[in-house]
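Enquirer: Single-letter residue listing:
Number of protein chains: 2
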Amino acid sequence: MTCCKQTFTFADRDHPLLLDSGQNLWPVTLAYETWGELNSDKTNAILVLHAFSGDSHVASHPEDDFSDNGPGWWEAMVGSGKGIDTDKYFVICSNILGSCCGSTGPGDENPITGKRYGLDFPLVTIADMVRAQRALIDFLGIDVLYGVVGGSVGGMQVLQWCVSYPDMVRSAIPLATTMRHSALCIAFNEVARQSIMIDPKWQQGGYSDEEPPELGLAVARMIGHITYLSDQAMHRKFGRKLQGRDAFSFGFESDFQVESYLNYQGAKFVRRFDANSLLYITKAADYFDLDKEENPEINRLNSSTTKFLVISFTSDWLYPTYQSRELVQALKRNGCDVCFCEIQADCGHDAFLLPDEHLTSMISGFLEGVENSCR
Amino acid sequence: MTCCKQTFTFADRDHPLLLDSGQNLWPVTLAYETWGELNSDKTNAILVLHAFSGDSHVASHPEDDFSDNGPGWWEAMVGSGKGIDTDKYFVICSNILGSCCGSTGPGDENPITGKRYGLDFPLVTIADMVRAQRALIDFLGIDVLYGVVGGSVGGMQVLQWCVSYPDMVRSAIPLATTMRHSALCIAFNEVARQSIMIDPKWQQGGYSDEEPPELGLAVARMIGHITYLSDQAMHRKFGRKLQGRDAFSFGFESDFQVESYLNYQGAKFVRRFDANSLLYITKAADYFDLDKEENPEINRLNSSTTKFLVISFTSDWLYPTYQSRELVQALKRNGCDVCFCEIQADCGHDAFLLPDEHLTSMISGFLEGVENSCR
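Heads up: the protein sequence lines correspond to chains A and B, in order.
Counting in numbering that gives the first Met the number 0, the first sequence runs from 0 upward without gaps.
Counting in numbering that gives the first Met the number 0, the second sequence runs from 0 upward without gaps.
Chain A extracted, bound-state conformation (with noise of 0.2 Å):
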């Protein structure tokens, strides 16, 4: 059973999916892929939780020609032989709730007025995320997952999954990810949002496809993208090393790489992503808190099963190391299972996408011990 992109869709008018927010969705649909086959008793399946403009598309399939569907946004890790071996375990990959590749979000149709839903899109939490993918693991019949997998914002998912659903989940591993967002995280996606929402195209959410606020959402995307990156990895990749040309243009078109190489990325992201969709998610990111001072969700793993591998990255300085280590005191302190590691890499936030050895022996090792540990 190996799958491109399929659908599942859930709730209706009589039964909708409630929100965090006292709202009520339907329908709701998920867009998903799988790879490898689920075994006949069904514990072999892997949930994989993607970042914030990520998609169901984890990794290529055996059959994909890469002709209209290229290679998977963890291409690396996911596959045959691979850190996550789809030759034994049964990958899932989801798309989001609110997204824009394939599961209900902000650019579809409201059914109540018949209408695209641009800002009458109710907020999600990451925690409604996590409500929508339970019902498509339900729907595939599988009652415990052998591992929740995520970086960043998919971490995020990945622990909510911990915190929701303890005793469906058999080991978890968050990377480069937080218990909550800090102020600084919330700053940036603030100032992103608000690119977009100045974007007089944006109309208040309700832009059509023919007219999206291309602009505002190029520079969120500029602003995600330094974040992403480290003052180290941009040195490395780029320095002051001027673009096609000599000498300073003395004027105001990109005279250094690094101006040409976020603008690219900009317009690249346009083509790709729903602005909407970014002030949902970034939200959604902004509002997770499992160590809230009234309500710390993160204790409901008091004597938790679930084995951990909380792993960060020395140049991360979006979710930096001090972070994950706050959450392996929380695991700790709740007499939780938790290994940890904070890998040396030079790139940044996105250095948990990159092709590194070490993280993948690392996540092999750790879920081929998951299986010989008893329940």
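Where hints are given, some of them may not hold.
Below, simulated BS3-like cross-link-like pairs (lysine-lysine); rule was C-alpha separation at most 30 Å, straight line [to be verified]:
id	chain 1	residue 1	chain 2	residue 2
1	A	Lys4	A	Lys81
2	B	Lys236	A	Lys331
3	B	Lys240	B	Lys267
4	B	Lys200	B	Lys267
5	B	Lys240	A	Lys331
6	B	Lys236	A	Lys291
7	A	Lys240	A	Lys267
8	B	Lys81	B	Lys236
9	A	Lys200	A	Lys114
10	B	Lys81	B	Lys4
11	B	Lys267	B	Lys114
12	A	Lys267	A	Lys200
13	A	Lys267	A	Lys236
14	B	Lys81	B	Lys41
15	B	Lys331	A	Lys240
16	A	Lys200	B	Lys267
17	A	Lys41	A	Lys4
18	B	Lys200	B	Lys236
19	A	Lys87	A	Lys41
20	B	Lys291	B	Lys331
21	A	Lys236	B	Lys4
22	B	Lys267	B	Lys4
23	B	Lys200	A	Lys267
24	A	Lys267	A	Lys114
25	B	Lys291	A	Lys240
26	B	Lys114	B	Lys41
27	A	Lys291	B	Lys240
28	B	Lys291	A	Lys236
29	A	Lys4	A	Lys267
30	B	Lys4	B	Lys114
31	A	Lys200	B	Lys200
32	A	Lys331	A	Lys267
Pairwise CB distance ranges (calculated) [unchecked claim]:
id	chain 1	residue 1	chain 2	residue 2	range
33	B	Asp208	A	Asp11	48 to 58 Å
34	B	His234	A	His14	35 to 45 Å
35	A	Arg133	B	His234	31 to 41 Å
36	B	Asn23	A	Gln343	44 to 54 Å
37	B	Glu341	A	Arg332	27 to 37 Å
38	A	Gln202	B	Lys291	30 to 40 Å
39	B	Glu210	A	Pro110	35 to 45 Å
40	A	Trp25	B	His234	34 to 44 Å
Since the hints were made in silico from the structure, they are not lab data.
Beta carbons: idealized from backbone N, C-alpha and C, even for Gly.
Chain A is fixed; fit chain B onto it per the hints.
Expert: Chain B alone, transformed into the frame defined by chain A:
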């Protein structure tokens, strides 16, 4: 001689200021203020240079009633009995070329067309800014400056002064600065510029006083503001505290204090600063490079007698300490007399502007030492 804002104008069609770009500029006006008295042999003048959005008002004047002229941007450091003691020194602070606070910039009238320059204003460099300041210092009848002091983009001007006019600078204090902008700094500046240039009111720089690109400029300022703070400072100041509400809005208003703060800072900035000036000054900072491989201008300091005090701050991630160390190494390589201090501060880049006893006593002590050294 204690003076509120004055102006100095020089250069005309026949004797223009020749810029690094090869273009001519005339007339050139600099707004400046002075504090204290120039001694009879004119040896006690200290030139203070401001950061990118600063102005000539580094401190209040004894006669200021604060009703229309608030405290200065470095009130804690400059004044009677302070780190830069106006009882001892004749302090001059000049607004920079390209700015919008009284000096010639893109918001002024182009004498050739009779219209506002806009993007017809020539691109100026840090060296051009310093050229204009040199004319002011000549006009004031000062042959040698006792000290040149400034942080951030002001620190770049300090270094440029030393390189361009080594015999005119007895001592130099570059704070929280760099010999050249890193790719990371260029990246942030480019995103700030793009956020202005996508605002339809920008009109290719040709906007009117009545309809400036306020929204784009506000977003640019928000981006800048994040880079002036630090993760720790934002955590301490805002954390995840909500603004004027007990619970999430589940909408796109500001939920968190840090969002309100940034939006407030953005809105405040547009009332005092010009969008085109931001474009010009950020570009000047990006172009700045005293250590170019093909021509390291810093080597002009070989056997210079200027005494240097280089200061960095631990949590400054815009111009991190390693960049000050590179500067110190370049100065040492050239046999310069250099003191270096990294100050423990968790406030980020803005730390140089904040009251700090350690910083104050270091600067006053260093300046006293210069007096006692022979030349």
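Enquirer: Please go over all the hints and tell whether each is borne out by the structure.
Expert: Cross-check of the supplied hints:
1. Under the criterion of a C-alpha separation no larger than 30 Å, the hint pairing lysine 4 of chain A with lysine 81 of chain A is consistent with the structure, at around 21 Å.
2. This hinted pair checks out: lysine 236 of chain B and lysine 331 of chain A have alpha carbons roughly 29 Å apart, not beyond 30 Å.
3. Simply put, lysine 240 of chain B and lysine 267 of chain B have alpha-carbon atoms about 22 Å apart, close enough for the 30 Å limit, and the pair holds.
4. Of the supplied pair hints, the one linking lysine 200 of chain B and lysine 267 of chain B holds, its CA atoms being roughly 18 Å apart against a limit of 30 Å.
5. Taking the CA atoms of lysine 240 of chain B and lysine 331 of chain A, the gap is near 26 Å; set against the 30 Å cutoff, the hint holds.
6. With a CA separation close to 17 Å, the supplied pair lysine 236 of chain B and lysine 291 of chain A stays within the 30 Å bound.
7. A threshold of 30 Å between alpha carbons decides the hint, and for lysine 240 of chain A with lysine 267 of chain A the separation of about 22 Å falls inside it, so the pair holds.
8. Restraint check for lysine 81 of chain B and lysine 236 of chain B: satisfied, since their Cα atoms lie roughly 27 Å apart, inside the 30 Å limit.
9. A hinted pair counts as satisfied when its Cα atoms are at most 30 Å apart, and lysine 200 of chain A with lysine 114 of chain A qualifies at roughly 18 Å.
10. Restraint check for lysine 81 of chain B and lysine 4 of chain B: satisfied, since their Cα atoms lie roughly 21 Å apart, inside the 30 Å limit.
11. Between the alpha carbons of lysine 267 of chain B and lysine 114 of chain B the distance comes to roughly 27 Å, so the proposed pair stays at or under 30 Å and holds.
12. Proximity of lysine 267 of chain A to lysine 200 of chain A is assessed by CA-CA distance (about 18 Å); at most 30 Å being required, the pair is judged to hold.
13. Taking the CA atoms of lysine 267 of chain A and lysine 236 of chain A, the gap is near 19 Å; set against the 30 Å cutoff, the hint holds.
14. At most 30 Å may separate the alpha-carbon atoms for a hinted pair to count; lysine 81 of chain B and lysine 41 of chain B meet this at roughly 21 Å.
15. In summary, the hint linking lysine 331 of chain B to lysine 240 of chain A is supported, as the alpha carbons are separated by about 26 Å, within the 30 Å threshold.
16. Restraint check for lysine 200 of chain A and lysine 267 of chain B: satisfied, since their Cα atoms lie roughly 25 Å apart, inside the 30 Å limit.
17. Annotation: proposed proximity of lysine 41 of chain A to lysine 4 of chain A holds, straight-line Cα distance about 21 Å (limit 30 Å).
18. Proposed proximity of lysine 200 of chain B and lysine 236 of chain B is contradicted: the alpha carbons are some 34 Å apart, above 30 Å.
19. About 12 Å separates the Cα atoms of lysine 87 of chain A and lysine 41 of chain A, which keeps this hinted pair within 30 Å; it holds.
20. This hinted pair checks out: lysine 291 of chain B and lysine 331 of chain B have alpha carbons roughly 17 Å apart, not beyond 30 Å.
21. Of the supplied pair hints, the one linking lysine 236 of chain A and lysine 4 of chain B is violated, its CA atoms being roughly 45 Å apart against a limit of 30 Å.
22. At roughly 22 Å between alpha-carbon atoms, lysine 267 of chain B and lysine 4 of chain B fall within 30 Å of each other, so this suggested pair holds.
23. Note on lysine 200 of chain B and lysine 267 of chain A: the hinted pairing holds, with a Cα-Cα distance of about 25 Å set against a maximum of 30 Å.
24. In summary, the hint linking lysine 267 of chain A to lysine 114 of chain A is supported, as the alpha carbons are separated by about 27 Å, within the 30 Å threshold.
25. Proposed proximity of lysine 291 of chain B and lysine 240 of chain A is supported: the alpha carbons are some 11 Å apart, at most 30 Å.
26. Among the hinted pairs, lysine 114 of chain B with lysine 41 of chain B is inconsistent with the structure: their alpha-carbon atoms are about 40 Å apart, more than 30 Å.
27. For the suggested pair lysine 291 of chain A and lysine 240 of chain B, the alpha carbons sit about 11 Å apart, so the restraint of at most 30 Å is met.
28. Taking the CA atoms of lysine 291 of chain B and lysine 236 of chain A, the gap is about 17 Å. The hint holds against a cut of 30 Å.
29. A distance of roughly 22 Å separates the Cα atoms of lysine 4 of chain A and lysine 267 of chain A; the hinted pair therefore holds under the 30 Å criterion.
30. Between lysine 4 of chain B and lysine 114 of chain B, the direct Cα distance comes to roughly 25 Å. Compliance with the 30 Å bound is thereby established for this hinted pair.
31. Note on lysine 200 of chain A and lysine 200 of chain B: the hinted pairing holds, with a Cα-Cα distance of about 13 Å set against a maximum of 30 Å.
32. At roughly 42 Å between alpha-carbon atoms, lysine 331 of chain A and lysine 267 of chain A are farther apart than 30 Å, so this suggested pair is violated.
33. Checked against the hint of 48 to 58 Å, the C-beta distance between aspartate 208 of chain B and aspartate 11 of chain A comes to roughly 56 Å, which is consistent with it.
34. One distance hint, 35 to 45 Å for the beta-carbon pair histidine 234 of chain B and histidine 14 of chain A, holds here, with the actual separation near 42 Å.
35. Distance hint check: the CB atoms of arginine 133 of chain A and histidine 234 of chain B are about 33 Å apart, consistent with the given range 31 to 41 Å.
36. Taking 44 to 54 Å as the suggested C-beta distance range, the pair asparagine 23 of chain B and glutamine 343 of chain A conforms, at roughly 53 Å.
37. Distance hint for glutamate 341 of chain B and arginine 332 of chain A: a CB-CB separation of about 35 Å, consistent with the stated range 27 to 37 Å.
38. At about 47 Å, the CB distance of glutamine 202 of chain A to lysine 291 of chain B disagrees with the hint of 30 to 40 Å.
39. Look at glutamate 210 of chain B against proline 110 of chain A: about 41 Å separates their beta carbons, and that is inside 35 to 45 Å.
40. At roughly 39 Å, the beta-carbon separation of tryptophan 25 of chain A and histidine 234 of chain B lies within the given 34 to 44 Å, and the hint holds.
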